[in-house]
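Q: Given the coordinates of chain A, assemble chains B and C onto it according to the supplied hints.
Protein chains in written order, with the working numbering: chain A, 6 to 166; chain B, 4 to 400; chain C, 7 to 108.
Be careful, since some hints might not be right.
Straight-line distance between alpha carbons at most 30 Å, and here's what the computed DSBU-like set of lysine-lysine pairs gives [stated by the list, open to error]:
1. B:Lys104 - B:Lys90
2. A:Lys30 - B:Lys164
3. A:Lys30 - B:Lys104
4. B:Lys94 - B:Lys164
Looking from chain A toward chain B, a few residues come up when the C-beta cut is under 8 Å (computed) [as the list claims (entries may be wrong)]:
5. Pro29
6. Ala39
7. Leu51
8. Glu55
9. Phe56
10. Leu59
11. Phe63
12. Ile66
13. Ala70
14. Gln128
15. Leu133
From chain A, some residues computed to sit far from chain B (all C-beta separations above 10 Å) [to be verified]:
16. Leu19
17. His33
18. Ala47
19. Ala68
20. Asn93
21. Gly94
22. Val96
23. Thr112
24. Thr150
It is worth saying that the hints were derived from the structure and are not from the lab.
Think of the CB as a built atom: it goes at the ideal place given N, C-alpha and C, for glycine as much as any other residue.
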Amino acid sequence: MSTVAFTIIAILTLAAALAAATLPKLMHAALSFAVMFVGISAFFFLLGAEFVGLVQIFVYIGAVAVLIVFTILLTRHDTEKVRGFNWNGVVVAVAVFAGLIWAITKTKSLSQAPLQIEPVTVQRIGELLMTSYVWPLQCVGVLLTAALIGALILVMEEKRE
Amino acid sequence: MSGDAVDQIFIHAKQWLLSFMSGRAPDWLIQVASSLINIAVLLGVFLTLFALISVLERKILGRMQNRYGPNRVGPFGLFQPVADGIKMLIKEDIVPARADKIVHFLAPVLIAAAAILSLGVIPYGRNMTPFVIDGGILFFFAVGSATELTVFMAGWGSNNKYSMLGAMRAIGQMISYELPLIITVLPVVMIVGSLNPDKIVVAQSSYTFGFVPHWFVFTPWGATAFLLFFVSGLVESNRTPFDVPEGESEIVAGHMTEYSGFKYATFFMAEYIGMFAVSGLGVTLFLGGWHAPLRFLEFIPSYVWFFIKLSILLFVYIWLRGTLPRTRVDQIMNFAWKFMLPMAFTCVVAAAVWHYTDRGLRGWLWSFVVIAAVYVTLSILLDTRRKFAPRTYRFAE
Amino acid sequence: MTLSNLLIVSAALFCVGLLAALSRRHAIFILIGIEMMLAAANINFIAFWRFGPQPAQPTGVMVAIFAIAIAAAEAAVGLAMVIAVYRHFRTTNVDQLNRLKG
Numbered sequence: 006m007s008t009v010a011f012t013i014i015a016i017l018t019l020a021a022a023l024a025a026a027t028l029p030k031l032m033h034a035a036l037s038f039a040v041m042f043v044g045i046s047a048f049f050f051l052l053g054a055e056f057v058g059l060v061q062i063f064v065y066i067g068a069v070a071v072l073i074v075f076t077i078l079l080t081r082h083d084t085e086k087v088r089g090f091n092w093n094g095v096v097v098a099v100a101v102f103a104g105l106i107w108a109i110t111k112t113k114s115l116s117q118a119p120l121q122i123e124p125v126t127v128q129r130i131g132e133l134l135m136t137s138y139v140w141p142l143q144c145v146g147v148l149l150t151a152a153l154i155g156a157l158i159l160v161m162e163e164k165r166e
Numbered sequence: 004m005s006g007d008a009v010d011q012i013f014i015h016a017k018q019w020l021l022s023f024m025s026g027r028a029p030d031w032l033i034q035v036a037s038s039l040i041n042i043a044v045l046l047g048v049f050l051t052l053f054a055l056i057s058v059l060e061r062k063i064l065g066r067m068q069n070r071y072g073p074n075r076v077g078p079f080g081l082f083q084p085v086a087d088g089i090k091m092l093i094k095e096d097i098v099p100a101r102a103d104k105i106v107h108f109l110a111p112v113l114i115a116a117a118a119i120l121s122l123g124v125i126p127y128g129r130n131m132t133p134f135v136i137d138g139g140i141l142f143f144f145a146v147g148s149a150t151e152l153t154v155f156m157a158g159w160g161s162n163n164k165y166s167m168l169g170a171m172r173a174i175g176q177m178i179s180y181e182l183p184l185i186i187t188v189l190p191v192v193m194i195v196g197s198l199n200p201d202k203i204v205v206a207q208s209s210y211t212f213g214f215v216p217h218w219f220v221f222t223p224w225g226a227t228a229f230l231l232f233f234v235s236g237l238v239e240s241n242r243t244p245f246d247v248p249e250g251e252s253e254i255v256a257g258h259m260t261e262y263s264g265f266k267y268a269t270f271f272m273a274e275y276i277g278m279f280a281v282s283g284l285g286v287t288l289f290l291g292g293w294h295a296p297l298r299f300l301e302f303i304p305s306y307v308w309f310f311i312k313l314s315i316l317l318f319v320y321i322w323l324r325g326t327l328p329r330t331r332v333d334q335i336m337n338f339a340w341k342f343m344l345p346m347a348f349t350c351v352v353a354a355a356v357w358h359y360t361d362r363g364l365r366g367w368l369w370s371f372v373v374i375a376a377v378y379v380t381l382s383i384l385l386d387t388r389r390k391f392a393p394r395t396y397r398f399a400e
Numbered sequence: 007m008t009l010s011n012l013l014i015v016s017a018a019l020f021c022v023g024l025l026a027a028l029s030r031r032h033a034i035f036i037l038i039g040i041e042m043m044l045a046a047a048n049i050n051f052i053a054f055w056r057f058g059p060q061p062a063q064p065t066g067v068m069v070a071i072f073a074i075a076i077a078a079a080e081a082a083v084g085l086a087m088v089i090a091v092y093r094h095f096r097t098t099n100v101d102q103l104n105r106l107k108g
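Next up, chain A with everything else stripped away, as it sits in the complex (with noise of 0.2 Å):
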């Protein structure tokens, strides 16, 4: 039953990341994007992190995706897609998926079932961000709010005097 969920789950995240990555219009690109994330997440889910796979499609799918989006329209001049594609790009890309393959599948100690354990919940989380993770808690809240600053800063437009 697992596996059938997985192998679902994997052509589903598969089939919208290629998509994502290879159409030619950027809007159905950015929404496929989307798409893959529920994939991804579905994954999170299958894996036993519930509350990883909640704060994936909260942050990407409702707010990563969001602003990808409102860029593409902020930029977009009058013709809709820009041409080029480097298909030195695809010759790379195979190779290294061909080398992480080979490698995967000659680890002898990676081809084994799950064990069974309890998926991990929300409160365990909570007491770990608030006990061993403290530091890195605060360094993630500290780069936040400088990503947020600079954002900002970098957008907005320049007074005119």
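A: What follows is chains B and C alone, placed relative to chain A:
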């Protein structure tokens, strides 16, 4: 206990239906069948409620405006949704010639899907949550935030400048008010210690002195948080007084301009179901869920109490629509960022103060003082009356 | 659903992201590719947490949460840069952003 039988009547009915399959089917098939029964009942109940609310809203608005609402189709006009449904179904479905067909088609489908998905985690009665997810509240908000992208798809897929502008206004409004919506839920989650809606309802179950329920709305931070949550819910569902994205005098119909017939009905349904979902969540988080307000009234089944509270909230929505004029879009944004967000953070602080003074009378007073202090400070800082200059008149020479 | 199958899927996702980042000429596509690569790495973290020996703390989950937050911040800044560059050069084609060259 006959009270328990009436209360759990739907659970027993579902178990009776599933008992036909129990010996003969594998486990996962029974789980799938159980989920399908949940989904079918949820859809049936809420689509009927949507039809009923659409006619009741027009009648209540009509009565507030000193006229009858629709009263010709059926007794007291209650079959009006049937007539509306037939009208929507037989209308011609016009798609603009240069619109992006796939995106234009998928937008109403996905917005309705997101709205209905968020209904699945709300506890409607004792043991009657359709899908029990450990992070249920987070699921609700994650699905709600996916609505923004679908609104954008509707605006962009119509290939119409007014649709695009309406969609951008709608998304700006929705993103701005998502923050107060989520941060006002934070005190409740903090005090209960769990994101599971069932646990939040159970935490509101006791009564002091036997007749005052422990609902969170009866605490100072809870009352403030409930008001802020309610207003944010109004904005998220694009209801008057915040219906700039769909006001006809502003932007034709905003992102729904180019939709006709059944697709428009789907948008309409998605908006109302979003309203039900946010009201349902408000009832769960602040108004005690399916608990009765007084201990001796507990014989009335839990789902009846839930729907009574939901109906009261929906009536307040309709009442506000009939009473208040529309706000301007910059007023909406100012209100969100300058007033609601600081007040939402104050609620978090006040809840912490209430909790750490052992939830006694001193806790009440201190948290009330915190909220009142911030409120007064904000009203002084944001006072706009003194900023208007005296009127200057210019005459033609 | 073995660990190697999961790793193959995430390797494929990573390579599709690499494809998008290397072969498209629009700045936003490159950012989409980078986000895809980050998501593939997140899947790897969660996969190794799930299939490996269970330590006392779910480290893979925590790293994935922080990685999502950081990726969102980086996407925001990257998109702000794309808008700022568009304002000056009126183009988003990265081949034409070569003023500093030579």
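Q: Against each hint, give a clear statement of whether it holds in the structure.
A: Hint check:
1. B:Lys104 - B:Lys90: Given pair Lys104 (chain B), Lys90 (chain B) holds - Cα atoms ~24 Å apart, limit 30 Å.
2. A:Lys30 - B:Lys164: holds, 19 Å
3. A:Lys30 - B:Lys104: Holds - the C-alpha atoms of Lys104 (chain B) and Lys30 (chain A) are around 13 Å apart, at most 30 Å.
4. B:Lys94 - B:Lys164: holds, 24 Å
5. Pro29: violated, 13 Å
6. Ala39: holds, 6 Å
7. Leu51: violated, 14 Å
8. Glu55: holds, 6 Å
9. Phe56: Since the shortest Cβ distance to chain B is 5 Å, the answer is holds.
10. Leu59: holds, 5 Å
11. Phe63: Cβ of Phe63 (chain A) sits 4 Å from chain B, so the hint holds.
12. Ile66: With a closest approach of 5 Å, the Ile66 (chain A) hint holds.
13. Ala70: Since the shortest Cβ distance to chain B is 6 Å, the answer is holds.
14. Gln128: holds, 7 Å
15. Leu133: violated, 15 Å
16. Leu19: Nearest chain B Cβ is 20 Å from Leu19 (chain A), so the label holds.
17. His33: Per Cβ check, His33 (chain A) is inside 10 Å of chain B; nearest 7 Å; violated.
18. Ala47: Correct as stated: the minimum Cβ-Cβ distance to chain B is 13 Å, above 10 Å.
19. Ala68: Violated: least Cβ distance 7 Å, not greater than 10 Å.
20. Asn93: Given that every Cβ of chain B is farther than 10 Å from that of Asn93 (chain A), nearest at about 31 Å, it holds.
21. Gly94: holds, 27 Å
22. Val96: holds, 31 Å
23. Thr112: holds, 32 Å
24. Thr150: holds, 15 Å
Of the hints listed earlier, those the structure fails to meet are numbers 5, 7, 15, 17 and 19, in rising order.
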